[in-house]
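Here's the letter readout for the chains.
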Amino acid sequence: MKNVRLFFKKSGPLRFVSHLDMNRVMTRLLRLSRVPIWYTEGFNRHPYITFALPLSLGFSSEYEVMDFRLDDDDFDIKTAEKMISDVCPNGIEVITLKEPVFKSGKIALADFEITFFTNSVASYESLNAFLNLPEIIVSKKTKKGGIKEVDLADKIKSYKITDGKELKLILRLPAGGEDNINPKILIDKYLSNIGESDGFYTVVRTGLFLADGTKFE
Amino acid sequence: MDNKRLEQLFLSVQKPGRYSGGEMGSIIKDKSKVDVRFAFCFPDTYEIGMSHLGMKILYSLFNEREDIWCERVFAPWMDFEEVMRKEDIPLFAIESRDPISDFDFIGFTLQYELSYTNVLNMLDLAKIPLRSEDRKELSPLIVAGGPCACNPEPLADFVDIFFLGEGEEVDLEVIDLYKEYKANGGTDKQEFLRLAAKIEGVYIPSLYDVEYDAEGKIASYIPKDGAPLTVHKRIMTDMDKAYYPKNFVVPFTEIVHDRAVMEIFRGCIRGCRFCQAGFIYRPVREKSADVINAEAKALCDSTGYDEMSLSSLSTSDYTEIEPLLARMIEWTDEDKISLSLPSLRIDNFSPELLEKMKMIRKSGLTFAPEAGTQRLRDVINKNITEKDIMKSCATAFAGGYTAVKLYFMIGLPTETDEDIVGIAKLGQKIVDLYYNVDGRPKGKGVNVSISVSTFVPKPFTPFEFCAQISKEEMRRRQQLLRDSITTKKISLSWHDSDTSALEGALARGDRRVGKVIETAFKMGAKMDGWGEAFNYDLWLDAFKKSGLDPEFYANRERETTEINPWDHLDFGVTKEFLTKEYALALCASTTPNCREKCAGCGANKYGKGVCFEKR
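First to last, the protein sequences are chains A and B. Just so it is clear: in the first sequence, position 144 is 144 by our numbering, and no numbers are missing. Just so it is clear: in the second sequence, position 607 is 607 by our numbering, and no numbers are missing.
Bear in mind the hints are in silico, worked out from the structure with no lab data behind them. The structure presented is a predicted model; accordingly, all values stated were derived computationally and were not measured. Beta carbons: idealized from backbone N, C-alpha and C, even for Gly. Be aware that a few hints might be false.
Unchecked claim - Away from chain A, derived, C-beta distances all over 10 Å, residues of chain B:
(1) 22
(2) 23
(3) 180
(4) 224
(5) 303
To be verified - Short, incomplete list of chain B residues facing chain A, as computed with Cβ under 10 Å:
(6) 15
(7) 16
(8) 299
(9) 300
(10) 306
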């Protein structure tokens, strides 16, 4: 038995697949690939699959991470990668399959790219001004089901705005078990500040990093 | 609407994966390179429709043809419907996202009466006039099939063409006729319908005039323009040669039955007198174990599913069930696929079968005695005894099961209070049995769950003549049963009786009931199969506004000589046979199953199936 880590992109129709449903989708994909995956022992045998960090419904991702186990330690990883790649539907694209470097719990930061639709009222100026506010207070649901106020101004690790054909925001936020900020709450706060109720934007998660900024691998 | 905006809107509703498409196995074609576009509509949600085997078969069958592109369409849930209406998005097909009003055929599968308002709602969302007579163009043609098409009359005003029986051949024949008609420059819908009416299995309701007598009963059906006096259903005579999909569209999101399904036979030998499927799918035609085994393996290989279910009306009646399972287990075990066997009968549930099932997976055990006393089980021709039930439960308990689920109906013809109390008594006997079985699981209690629905008389059954009990009587009998159960080891659940009452009125409705459905729809009825949407009072109001009485259709005992709205349609079983069976039912006299003795139902005219097996 050997732990392996699949890195892949999730986009297109897969954007509408929730984290829970992804589990089933990837299980079937691994089964289809015929890669010798390790199954749990016991009566109801199933493959052992974990995702490093769940992705919100509606987001695309250029860097999804999923761990599973190979039953055969000597099975060639590059061959397995190709076998999986060959059965991927439109919307899942394999980046690489390799042995894990870091533990999933080490993830502390994530990068996002937010693209505003051309019909959105968002602008470079208002967005820049918003992100420079001394405090950005939003209500956030806690894990226990309560609601607490969070200052997002503290949470923005870095950002960059580009205003070419489309207005884009590249954002680094805390991610993982310790502290996790969904960029949606920040953007929705911005849009409501400028009077737009309907969200005309897309979100792509572009990377996962350790606390010191090292790429998660 | 541009895709970016549409996808943004998907994200504003629950479960957007219902609408977004792109699933593995879904078929995309170049629309400029096909001759016929077919919108296969399931008039309920994605989760329900995607679980339906018939849709999978026809979707694959149509799409194997290069000149046809068949796409899927489901009823949007109410949150997305609101968005569609607000943003002016016409109903679209999942694959292309093109409005279905551009299609050549819009086909509905009619699986239950409570989906009828969804049919109208989907046409309305597609901006297509509801009534056939208001659609003057050749296309889109609104077609429909499925079990409810055996009494198509309530939808006769809306649907251009009904397909009777099994669709594999007749659907393609009509599509081919359309293609040829259009290629020859034809544009006249009426002319096309007259031509289509010559194809066996095609029923064009607009080619029939109906006359009623003073009481509102049907006086006659008069065919026009050369339409046949009687329309015969179509069936596949050789199941081994019948088309079966090598692949399914595999949803990304969870659906009701999320597994590979293998059909093992059509029809049912039993002849339970309440069961419409048991009559309209006659005769029984089995697939051979070789074919099933090979097709099942291919399906699992192409879909990646880790669960497979064998589908039929009564799985344990498959003649080679044990050898089939033995062969399938060889590879399902290896590939870690769990097999499930729904629809097992209580009387041929052998220890050997249980042994196989235990190898497969320990799922719940469900039996359907249907009635609480032997007398009533004889009336409905269930042909199982209390001894059978006890023996099967004992087998199950000894094999480690601690829970069984039992299905019953109330309101069956001739039912008395004794029969109702009998349900509770039977439940109690099973509880007592558990504690007397050697080898039962140590230290564990038993749970007998009793699920009760209300009997709805259906066309083409021996009970098509029966009165359904009134809503007040349904409530009284439910209360009686509730009061008769004294142990917490029995859990009781109900199927809503209001929906059964409406189902009763629609199932045996005539052509005039179309007005009621249209009125109810315009008053806001939709998703009637869903408790949160169903409004019985609205329906009563719709009946009143249409000048009709639901009791006339549901709660009236019909003379066996009365002309039923479906009597000009032929599903193999003769009315004489149904009449005879009804008489036998009333004196609690049973009829042997098709394998024991031919009952002379009429279905042997197809020349194939169980009627010609060696007995």
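Do the hints match the structure? See the list:
Residue-level check failed: residue 22/B sits 3 Å from the nearest beta carbon of chain A, not beyond 10 Å. Not every Cβ of chain A is farther than 10 Å from the Cβ of residue 23/B; the closest lies at roughly 7 Å, contradicting the non-interface assignment. With a minimum CB-CB distance of about 35 Å to chain A, residue 180/B clears the 10 Å threshold, and the non-interface call stands. Consistency note on residue 224/B: stated as away from chain A, and its beta-carbon is indeed over 10 Å from all of that chain's, at 48 Å minimum.
Residue placement check: residue 303/B does not keep its beta carbon more than 10 Å from all beta carbons of chain A (closest about 7 Å). Hint on residue 15/B holds. Least Cβ distance to chain A is approximately 8 Å, under the 10 Å limit. Below 10 Å, beta-carbon pairs count as interface contacts, and residue 16/B has one with chain A at about 4 Å; its hint therefore holds. Checking residue 299/B against chain A by beta carbon gives a least distance of about 12 Å; that is not within 10 Å, so the hint is violated.
Using the Cβ-Cβ criterion of 10 Å, the hint placing residue 300/B at the interface with chain A is satisfied: the shortest such distance is roughly 9 Å. Evaluation of the residue 306/B hint against chain A yields a held restraint, the C-beta minimum of about 6 Å falling below 10 Å.
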